[in-house]
Amino acid sequence: MEKLTEVEGRAYPFGMKNVDTDIVIPAHWLKTISRAGLGKGAFEVLRKEPGNVFDDPEYAGSPILIAGDNFGCGSSREHAAWALADLGIKVVIAPSFSDIFSGNAFKNGILTVVLPQDAIDRLMEVAKSDPIHIDLEHQTVTTRFQDRFQFEIDPFRKHCLLGGLDEIGLTLGNKGEIDRFEDKLAVEKPWLVPTVA
Amino acid sequence: MVKPSTLYEKIWDAHVIERRPDGTCLIYIDRHLVHEVTSPQAFEGLRLAGRKVRRPDLTLAVPDHNLPTTPRRDATGHRIPIADPESAQQLAALERNAPEFGVRLFGDTDPQQGIVHVVGPEQGFTLPGATLVCGDSHTSSHGALGALAFGIGTSEVEHVLATQTLLLKQSKTMEVRIDGELGFGVTPKDVALAICARIGTAGGTGYVMEYRGSVFRDMSIEGRLTVANMSIEAGARSGLFAPDEKTFAYLKGRPMAPTGAAWDAAIAWWKTLKTDEGAVFDKVVVIDAADIVPNVTWGTSPEDVVAVTGVVPDPESFADASKRAAAQKSLDYMGLTPGQRMQDVPVEHIFIGSCTNSRIEDLRAAAALLKGRHIASGIKQAMVVPGSGLVKLQAEAEGLDRVFKEAGFEWREPGCSACLGMNPDKVPAGERCASTSNRNFMGRQGPGSRTHLVSPVMAAAAAVTGRLTDVRELLDKKVGAVA
Ligand code: SF4
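Listed in order, the protein sequences are those of chains A and B.
Numbering follows the working numbering, in which position 139 of the first sequence is assigned residue number 136; successive positions increment by one, without gaps.
Start counting at 1 in the second sequence, then tack on 113, and there's your number in the working numbering.
In short, the hints are calculated from the structure, not lab data.
All C-beta atoms, glycine included, are put in the ideal place defined by N, C-alpha and C.
Treat the hints loosely; a few may be bogus.
Simulated crosslink set (SDA-like; lysine to any residue; CA at most 20 Å straight-line) [to be verified]:
1) B/285 <-> B/315
2) A/0 <-> B/162
3) B/442 <-> B/560
4) A/0 <-> B/163
5) A/186 <-> B/125
Under 10 Å between C-beta atoms, here's a sample of chain A residues computed to sit facing chain B [stated by the list, open to error]:
6) 25
7) 29
8) 31
9) 118
10) 163
11) 166
12) 191
13) 192
Residues from chain A that keep clear of chain B, each with C-beta distances beyond 12 Å, as calculated [to be verified]:
14) 5
15) 45
16) 71
17) 97
18) 113
19) 147
20) 153
So here's chain A without its partners, still in its complex pose (with noise of 0.2 Å):
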C-alpha cells in the first residue's frame, strides 16, 4: 500500500448526503474481476447529470473528496473503496461515515476525515477555486487562507496509513508465531491436511 503523509490537491466540492455505496458504485458493476477500472463507474448515476462535479474538467483527477453526512451507508461492497481508489481519491472528508465504508476505505488506503459541518461548508467553498492540504501526522486540513482544522483519527490506522501498512502487511509481520503454530499443528494434528484423493 502506498504511504499517505501529506496530501495536497484540488478537492470536489460534493457535499451529498447519505450517498450509500450503490450511489459510489451501482450493483451491475459487481462482476468485475478487478479492483482497478472501477473509478469509470464510480458515481454513474450522478455522471449522467450535465454538470457533475465528477466530469467538470475544472475538478479533474482532484485526489480530495468533499461529501456530506453518512457517507457510504447501505451495502458493505468494499468496491465503493476500489472505485474512489481508481478515481484516485487519497481522502474524503465528511461529517460523518458509515463505520463499514471507512474501514473499507482504510484497507485501501484512503483517508477518512471527520470534520464538524461549518468546517465542510467553508472547504467547499475553497474547494471551488483553490487546493486544500491535508497533513496526517499533524491531523490537520489547512487552505491558504489560514483555514486550519483539527481532525481525529485512531492512532492504529494513523500509523498503518503513514507507514503505507496493508493488513496483510501486518500480519505477515506475525509470521514467526503463524510459523510456530502451523509446526505444532503438523505435530499435533498431522491428519488435518487433506489427503489428495
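Please arrange chain B with the ligand on chain A, whose structure you already have, making use of the hints.
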C-alpha cells in the same frame, strides 16, 4: 478445576495464535473454500503485492454462483462457453488464478464440482473442530459437522490466502435447544424456518449458535447441514453441531478425510468437542419440537414465516410501526392480501436446489412424493438442481432423475442456479416460486421475483397441486412414501 466451556470456546481456543490487549485475536484458519465471485480481486491483490498463497493445500476452489445449469459440454464433448460475458470472465479468472497460485480446482465439468457448501462436506474437506471460511455468508453450513465456519469479505479472503489467519474478536454464544420429536411431514427446513421466525433475522447477530437437544441429535447430517446453513438467516455468522458418531460415520472414507492412524487420532480429538456440563451460554432459546409444523414464508425476509395451514398476516397486527411498514411493503411486493389462506396461493415456479436443500436426502424425499404424480398445469417451470455432480450421479444411479423428469421437472447441472439472480436461472418479475433456497429477499431470484421458502417435500407438493400445499395431505394418501 478447569472452567467448563462451550464447544465454540473450545474450537476458538484451539486456534488462537496471538491474543491482543483489545481482545482481538489472530486466529488460524484450517480450511478455505474459494469460489469465482468473491475471489478475483483477492488473487489480484496478491499478484500486485507479489504475495503467494500460504497454504494452497488447505484451500479448495470451486465455481458455483455464475454457472448456467444447462449442459456444459456439447454432443461431441466440447465445453459450451458461458454466454454472459461477465460470468464467463469470473469463471475464467478462477480457472487462471487457481493453478497460478497452486490451489486445487474442481472445474465446471468435473463431477466433483458443485455448490461450495455441498462440496466441502461431501469431499471430507470440512472437518469437525476446524476453522473454515469462504467468501460467502452461507459458509455457516459447515457447522453441521462441528466446524467453526463463517463467511468473509473479499479483503479477508485475500488475508486468509496470504497468511492463513484472520483477525477476529470472539463472539457471544447462544444455545438453540429443541427437544422432543418432529411431527409427521416436518423437516429440518421447517426447523430452520421456525428458528428464524422465533428469533428474527437479527436475533443471532454477534452470536455463534450451538444447536442442542434431541431433535438435532436425531437429525441426519444432511438435515443438520440445512439447519446450520440458515444460521446466517437468523443473524448468526456460525452455527455449530457437536460432532458425534453420525458425523464420524458420514466423514469416514470421504476423499479428503483422514485415513488409517490419522483417522483414529482425529477421532480422539473430535470426541472431546462438546460443550461441557455446566458451561454457560450468553443466551438460550428453547423451542418445543411439537410446536414446529410444515412452514412457508409469506414475505421478503426469512423471518416472515407462517404455518402452511395459516393465513397471510395483517400488517396491522405487528406491534411496532417499522415492522408494520415493512410487512405492508412485503405484501405489496409479494402480491398478497392479509387473511388470504397460504394454501390458496398459486405458484408458477418450483425450485429444488441451493446449498440449503440440494443433497441426496432432499432429492430422495422430493422424488418419493413425486413418484407417479405430475406437476400441475399452472406450473411454468419446475427445476431440480443437484448440489454437486456427485449428488447428481448418485441420484441418477437411484433413478431419481427419471422420477423427476416423468413428473415434469427439469433435471439440471449442479450450481447455485435460481437461488440468486446471477446466472441464467431466474424467476420472472411478478411470478411466484416455491423454493427450497434460503433467502426470499426482494429480487433475490431475479428482478421482481416472488419467493416462498419451503422444504423439498413442500416444494414437490406445490408442484403437484400448483399452489402452496400442506405436504401432509399428500403424504396421508401415500403413507410411508417419505421417510
Ligand atoms: S446456493 Fe444460494 S445461498 Fe448457497 S452459496 Fe449459492 S447463491 Fe449462496
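>> Taking the earlier hints as the rules, which of them does this structure contradict?
In response: Numbers 9, 17 and 20, in rising order.
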